[in-house]
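Asker: For the sequence shown, the working numbering begins at 8 and goes up steadily by one.
Keep in mind the hints are simulated off the structure, nothing from the lab.
Any given hint could be a false lead.
[Stated by the list, open to error] Here are the simulated lysine to aspartate or glutamate pairs, EDC-like style, with alpha carbons at most 20 Å apart:
id: 1; residue 1: 21; residue 2: 32
id: 2; residue 1: 49; residue 2: 10
id: 3; residue 1: 21; residue 2: 56
id: 4; residue 1: 57; residue 2: 47
id: 5; residue 1: 20; residue 2: 10
id: 6; residue 1: 57; residue 2: 32
id: 7; residue 1: 21; residue 2: 42
id: 8; residue 1: 21; residue 2: 10
id: 9; residue 1: 62; residue 2: 29
id: 10; residue 1: 57; residue 2: 29
id: 11; residue 1: 49; residue 2: 32
id: 12; residue 1: 20; residue 2: 32
id: 13; residue 1: 49; residue 2: 29
id: 14; residue 1: 49; residue 2: 61
id: 15; residue 1: 57; residue 2: 10
id: 16; residue 1: 20; residue 2: 42
Bear in mind the structure is a predicted one, so any value in this text is a computation, not a measurement.
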Amino acid sequence: MLEILTQRFNNAKKRNPSHVNELLDFIQVCYIQGELTITEYKGFFSELDKQNAEKPEVYIIKNTPFNTFNIPG
8 MLEILTQRFN NAKKRNPSHV NELLDFIQVC YIQGELTITE YKGFFSELDK
58 QNAEKPEVYI IKNTPFNTFN IPG
């Protein structure tokens, strides 16, 4: 399954992915743009998860709880 994904990446980007994390980014964009079904996305995600693909920490949004905001009354 990763061979199919790598080929799709290569067709779109005209190069090979440098890391499995790049493939993770690619499937997320493809899914958002409607180029992958949820079933395809889950299948690719499962394979990438087995390869320890992950988003870099800088991409993870840290939420601030609402009770820490000072909202003027």
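Asker: If a hint holds in the structure, say so; if it does not, say that too.
Answerer: Now for the hints, and whether the structure bears them out:
Pair hint residue 21 plus residue 32 holds up; C-alpha atoms about 16 Å apart against a cutoff of 20 Å. Proximity of residue 49 to residue 10 is assessed by CA-CA distance (about 16 Å); at most 20 Å being required, the pair is judged to hold. Only pairs whose Cα atoms come within 20 Å are accepted, and residue 21 paired with residue 56 is rejected, the gap being roughly 24 Å. Between residue 57 and residue 47 the alpha-carbon distance is near 16 Å, which keeps this suggested pair within the 20 Å criterion.
Annotation: proposed proximity of residue 20 to residue 10 holds, straight-line Cα distance about 15 Å (limit 20 Å). The suggested pairing of residue 57 with residue 32 holds, with an alpha-carbon distance near 15 Å, which does not exceed 20 Å. For the suggested pair residue 21 and residue 42, the alpha carbons sit about 17 Å apart, so the restraint of at most 20 Å is met. A hinted pair counts as satisfied when its Cα atoms are at most 20 Å apart, and residue 21 with residue 10 qualifies at roughly 15 Å.
A distance of roughly 9 Å separates the Cα atoms of residue 62 and residue 29; the hinted pair therefore holds under the 20 Å criterion. Proximity of residue 57 to residue 29 is assessed by CA-CA distance (about 15 Å); at most 20 Å being required, the pair is judged to hold. The hinted pair formed by residue 49 and residue 32 meets the criterion: a straight-line CA distance of about 14 Å does not exceed 20 Å. Between residue 20 and residue 32 the alpha-carbon distance is near 13 Å, which keeps this suggested pair within the 20 Å criterion.
About 16 Å separates the Cα atoms of residue 49 and residue 29, which keeps this hinted pair within 20 Å; it holds. Proposed proximity of residue 49 and residue 61 is supported: the alpha carbons are some 15 Å apart, at most 20 Å. Using a Cα cut-off of 20 Å, the hinted pair residue 57 and residue 10 holds, with the two alpha carbons roughly 14 Å apart. With a CA separation close to 15 Å, the supplied pair residue 20 and residue 42 stays within the 20 Å bound.
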